[in-house]
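In order, the protein sequence lines correspond to chains H and A.
1 is the number of the first residue of the first sequence in the numbering used here; add one for each residue after it.
113 is the number of the first residue of the second sequence in the numbering used here; add one for each residue after it.
A few of these clues could be false.
Below, computed lysine-lysine pairings styled on DSS-like, alpha-carbon distance capped at 25 Å [claimed, not checked]:
id	chain 1	residue 1	chain 2	residue 2
1	H	43	H	17
2	A	147	A	295
3	H	2	H	34
4	A	366	H	43
5	A	147	A	266
6	A	297	A	147
7	H	43	A	147
8	H	43	H	85
9	H	43	H	90
10	H	85	A	297
11	H	12	H	60
12	H	40	H	12
13	H	43	A	297
14	H	34	A	147
15	H	40	A	366
16	A	301	H	40
17	A	301	H	34
18	A	295	H	43
19	A	301	H	43
20	H	9	H	90
Residues of chain H placed beyond 10 Å of chain A at every Cβ, according to the derived structure [to be verified]:
id	residue
21	80
22	88
23	106
Away from chain A, derived, C-beta distances all over 12 Å, residues of chain H [as the list claims (entries may be wrong)]:
id	residue
24	2
25	7
26	12
27	21
28	24
29	28
30	57
31	59
32	68
33	76
34	84
35	95
36	97
37	101
These are calculated hints, taken from the structure and not from any lab test.
Note that CB positions come from ideal geometry on N, CA and C, so glycine has one too.
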Amino acid sequence: MKKIEAIIKPFKLDAVKDILNEIGIQGMTVSEVKGYGRQKGHKEIYRGAEYIVDFIPKVKIEIFLASDRVSQVVKEICRVAYTGKVGDGKIFILPVEDSIRIRTGEKGADAL
Amino acid sequence: MINAGDTSFMLISSALVMFMTPGLALFYGGMVRHKNILSTLVQSFICLGIVSIIWICYGYSMAFGPDIGSFIGNLDWAFLNGVSLSPGPYADSIPHLLFCCFQLMFAIITPALITGAFAERMKFSAFLLFTVLWTTLVYLPVCHWVWGGGWIGKMGALDFAGGTVIHINSGTAALVCALMIGKRKGWRKEPFMPHNLSLTVLGAGILWFGWFGFNAGSALSAGETASLAFMNTQLAAGSAAVSWIISEWILHGKPTTLGAASGAVAGLVAITPPAGFVGPVSSVIIGLLAGVICYLAISLKNRFNYDDALDVVAVHGIGGLWGALATGLFASAAMNPGGANGLFFGNPKLLGFQFIGALATILFSAVVTAIILKGIDLTVGLRITDEDEVQGLDLSQHSEVGFSL
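One chain only, chain A, in its complex shape (with noise of 0.2 Å):
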């Protein structure tokens, strides 16, 4: 039966993770050169119409609807056909119509995290195609794996708001972005400074207070488990900020804003599979963590010598994977007997089952997302010309700027 506490608190939390997606685009505007801000915050904001596209037309019942082997959903519900204003499967108090809504949201956001690998070089054509390729053919199976009664769901791996779904998933994709389309021209030769660290700081803000909506709102109706995951999601990101922070200042000399910046959200990430199933204090150890094995995740790329410009695969896919493992670790039934008691409650399975989610995600979202790169790269091409890059995306893509100073 329809619960207007509920509803109520499921529409707030639906409009609370759309903020997301432009506060991404500002977390990401900023750390851009200032020639490529305005191509950089499209690519998130464009998500927010082509993903809800996408999701009315077949990719809400390939995620969630009726299951075809463990896999994929049918298109039974396509066109939204049967989502009604009626509870559906997975709620029984809010309209299965704002349950589509809610992940619709969860869909819009996870391209738009990719961008950050591929930024200030991609194509904006081969872009919108990669984003309909991508969500299509990675999203949504991954996405009804782990809970629209695929297989990962089955076997009892926990996601409580999409570690795996989202993060390892995005993450994963966007290394393989970043391999493939390759370097930004003059990387580490000249410094690829951010132009407007002020914009990240104001993003990484709309990020953690859209965040509330993207893990408390996973509860699905407002009690008990939606206060739980409030409270970790806080606690989460605050601890990994500080403790991003201390490690810089550590091994680098100063505490920096962008430090600040990016280990909040790296906190958020990992606290996302664990929100609903951990106690509070368990979430500060997962939040100091995430700060500091992001923070050092970064030297990847300097030593695997890939361009990943903003840092997706250390924050998105190393946080995300450190989520998962950690919900495995320190999941525990007195908080939710929904979940599952994991490692450190003495269910050593649960641990497994989080190893296998993530390493199948990882698997399959790599493989396909490079066959869907190269596909780009063959057809419509992925990269934009060396004068292009040089000009800007911003001119040469969109012709106009973001700045006239």
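Only chain H is shown next, with the shape it has when bound in the complex (with noise of 0.2 Å):
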């Protein structure tokens, strides 16, 4: 089992999501997030002042699944949430030891 945090642009959520239906990933879960990486921040100015703000808005996608699933997932993000500009984000994938349905006690990849 795997997870894949994927950090992407937040208005590219619903064509990932939607994807991610289509090909039968059952669940995720999203958070709206801050940070930078290459992209860098964005300046704001308030009477002339200018203000360089570090971190800025993207959207984080956290799914489990079964590893042989990862490749075709991994693939799908990355087609959909692409822009070919800076800051279209990052996939992470990290390995899973084990989890639970918590109403049913099933474990391993039928919890999931």
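Join the two chains into one complex using the hints; note that each chain is given alone, in its own frame.
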């Protein structure tokens, strides 16, 4: 089992959600996050004073899935979240030890 | 003799000027961080109470009562003794009490203007004490000098609606406050960005609306001069909003909403002293220059390293100074026979009077404000603790929050 953490541009969330539904990914957790990578922040101006805002809004999607589905999901996220401009985001893949569905007590891939 | 038209106009004008103070509260409230919005709002709002009480006890009498040595009014009119519903000495077609009421609204907004300088860091108790002392020891004398039969008015200086009394006076006090109370924690290290500029634009709109009462009402009758002041108010405010955003567009690459709102207020400040003495074309010039001058003046605080949180010095102090001097340049007796000609209409003396009036106000306001602040600092203390400042004044001073998000 793996966990995919994808940090994407907020306006791409719907497209990513739709494609994951289409390929049968059952669930995801989404959070509004702030951060920066190579895109860096943006500038705001108030009465002539310029402020550099380091952290810009992004959306983080967390998905738990069976290991054999990872490459397909990564490929699809990369495809739909792509704009070609700096700041499109990143995908991280983490190993997961186990999962448990609270209602039934199912474990492992059955609990996903 | 009481005139119903003048009286109704002055009742409405008084109400319009009253509305400026809650408008100012919103203008300022939107510019602070969200943890300080209520403390900023209440500092303006509570002036409506504090100054009203001062005004009837002794304020009106000291500002407008029988003159002592061209410096201050005596206490003959304390508790509004003799301030009746018949016409008074300042306006012959409205009740004396109504003139007193109209002037009260000016006295309320002036200390409220200063709060922008020490926003986000002053103790509420110290603020209350400051408002009482400053109104008594600074506002009342300066008001008397200019309008109450004191020496600046007698000299021949013109101040139609309070450029010297209100804006230069509060702007100077703001500078002293910013210097003496010190910078906000984290100034120039972390960004102090406005938390809700929508409130600021709404507040600027209310100020602009109320300013028609402020300026046109200062004619004290519903006639030619009120109409002139009304039109001039609109022209200068609009022109300054335009010139401010053009300035920042050129110098910083973007025209901003805060710039448009600030520019309008700068234009309103600048047109306050000449509103009833200059023609409409002069007003546009005064407004256009006000936008540029006040915008450039904002950079002073970085150069001289003081934290005037909401730019009271640049907008009110410098804007008021420009307006007072512009009166000396653009005033025309053809527009208002009760006024005088300025430099551009062949009378250089008026500019001199304007300069002396402004300079005396700056010196007096600076010295007395400094003494008041020192006294408060030594007794109740001016400033909240670092911990309270980081937590925000809304919670630490008032135990409430403006937004539950």
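### Query
Quick check: which numbered hints come out false for this structure?
1, 5, 10
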